[in-house]
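Chemist: So you can see what is in the structure, the chains are spelled out below.
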Amino acid sequence: MNLQIPGTSGDTNVHANPGPDVVPPGARAEHDPPHIHLGSNDGPRVRTDTWEPYSDDDARRLNRKQKKFLKNLTDQQKNVISNRQQNVFRYGRRLAALMAMPVIGMDSLTNSCRQDPWFCMENFPYVFDNIEPKQCD
Amino acid sequence: MINLLTIMNKSEFLKLMNFPKEWVEWDMYPDELAEIQMKDYKKGNEDSSEHDRFGAFNWWIAYADNEEQLIKLFKLSILEPDKLMADSVRQRMKKSKLYGNKMDAIFLDLMKKKS
Chain A
1 MNLQIPGTSG
11 DTNVHANPGP
21 DVVPPGARAE
31 HDPPHIHLGS
41 NDGPRVRTDT
51 WEPYSDDDAR
61 RLNRKQKKFL
71 KNLTDQQKNV
81 ISNRQQNVFR
91 YGRRLAALMA
101 MPVIGMDSLT
111 NSCRQDPWFC
121 MENFPYVFDN
131 IEPKQCD
Chain B
1 MINLLTIMNK
11 SEFLKLMNFP
21 KEWVEWDMYP
31 DELAEIQMKD
41 YKKGNEDSSE
51 HDRFGAFNWW
61 IAYADNEEQL
71 IKLFKLSILE
81 PDKLMADSVR
91 QRMKKSKLYG
101 NKMDAIFLDL
111 MKKKS
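Respectively, the protein sequence lines represent chains A and B. In terms of our numbering, the first sequence opens at residue 1 and continues consecutively. In terms of our numbering, the second sequence opens at residue 1 and continues consecutively.
By construction, these hints were calculated from the structure, which means they are not laboratory data. One or more of the hints may lead you astray.
What the hints assert, rightly or not - Calculated pairs, BS3-like style, for lysine-lysine (alpha carbon to alpha carbon, straight line, at most 30 Å): (1) B:Lys-83 / A:Lys-67; (2) B:Lys-94 / B:Lys-112; (3) B:Lys-43 / A:Lys-65; (4) A:Lys-78 / B:Lys-102; (5) A:Lys-67 / B:Lys-42; (6) A:Lys-65 / B:Lys-42; (7) B:Lys-114 / A:Lys-71; (8) B:Lys-21 / B:Lys-102; (9) B:Lys-113 / A:Lys-65; (10) B:Lys-43 / A:Lys-67; (11) B:Lys-83 / A:Lys-68; (12) B:Lys-97 / B:Lys-113; (13) B:Lys-94 / B:Lys-114; (14) B:Lys-113 / B:Lys-95.
What the hints assert, rightly or not - Where chain B lies over chain A, by a calculated footprint (3+ residues, C-beta under 8 Å): (15) 10 to 24; (16) 28 to 34.
As the structure is a computational prediction, the values presented were derived from the model and not from experiment. Quick reminder that beta carbons are idealized off the backbone N, C-alpha and C, glycines included.
Generate the whole structure from the sequences, applying the supplied hints.
Modeler: Spelled out as structure tokens, the structure:
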């Protein structure tokens, strides 16, 4: 899932995946320690606790553009990325379900969350507790 | 979505996803689990195959119904190529209904043997 970090595109898009508590048992799931994938859901991994590549193999997979992107991240950007990663880990498929819900009949808070789910995850996370998870990438 | 069941068998899928051979040898990859994982396959998933292996661990954490299965799962976590993910698995194993002081002692013993 693209975390939609301002200023990112292509190889520098920041992705995170839903954790094991919001997918059915057996389904692909993200794991700890917390990390992001660059470029795609399967792209090279970078830990969000150390901001280092997850493994030597991930370090080898990072291209020049991605290395430069990581080097230039500000503390503020790291905070945003880290928060969004944690929220996707916790609510991932519920977010996809929210985006797919019909607007008709939706209460105003849920509708607002649909328009700005990242803000909502960070400020009204309980909205997501009432949404049935949905398969997504 | 590709219907992988028609073009790839379970062994090929396990190899593609880098499962250690012990998953099969210890009878820890039943068809029921294979069906869940293979029907969700999309090209490129093999680039992050640890997500599938982690999914398999979680299936057993949810459905293991005897201590022997949980011990095998713990041993599989020791064999897991992604060591950081394996740590995460061992933390999650504490959520199993079978987990308790007795299992803690067995796991500690296994970890000592490993090191």
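Chemist: It remains to establish, for every hint, whether it holds in the given structure.
Modeler: Tested hints:
no. : hint                 : result
1   : B:Lys-83 / A:Lys-67  : holds (24 Å)
2   : B:Lys-94 / B:Lys-112 : holds (18 Å)
3   : B:Lys-43 / A:Lys-65  : holds (24 Å)
4   : A:Lys-78 / B:Lys-102 : violated (42 Å)
5   : A:Lys-67 / B:Lys-42  : holds (27 Å)
6   : A:Lys-65 / B:Lys-42  : holds (26 Å)
7   : B:Lys-114 / A:Lys-71 : violated (37 Å)
8   : B:Lys-21 / B:Lys-102 : holds (28 Å)
9   : B:Lys-113 / A:Lys-65 : violated (43 Å)
10  : B:Lys-43 / A:Lys-67  : holds (26 Å)
11  : B:Lys-83 / A:Lys-68  : holds (27 Å)
12  : B:Lys-97 / B:Lys-113 : holds (25 Å)
13  : B:Lys-94 / B:Lys-114 : holds (20 Å)
14  : B:Lys-113 / B:Lys-95 : holds (24 Å)
15  : 10 to 24             : holds (count 4)
16  : 28 to 34             : holds (count 6)
When each numbered hint is compared with the structure, violations occur for hints 4, 7, 9.
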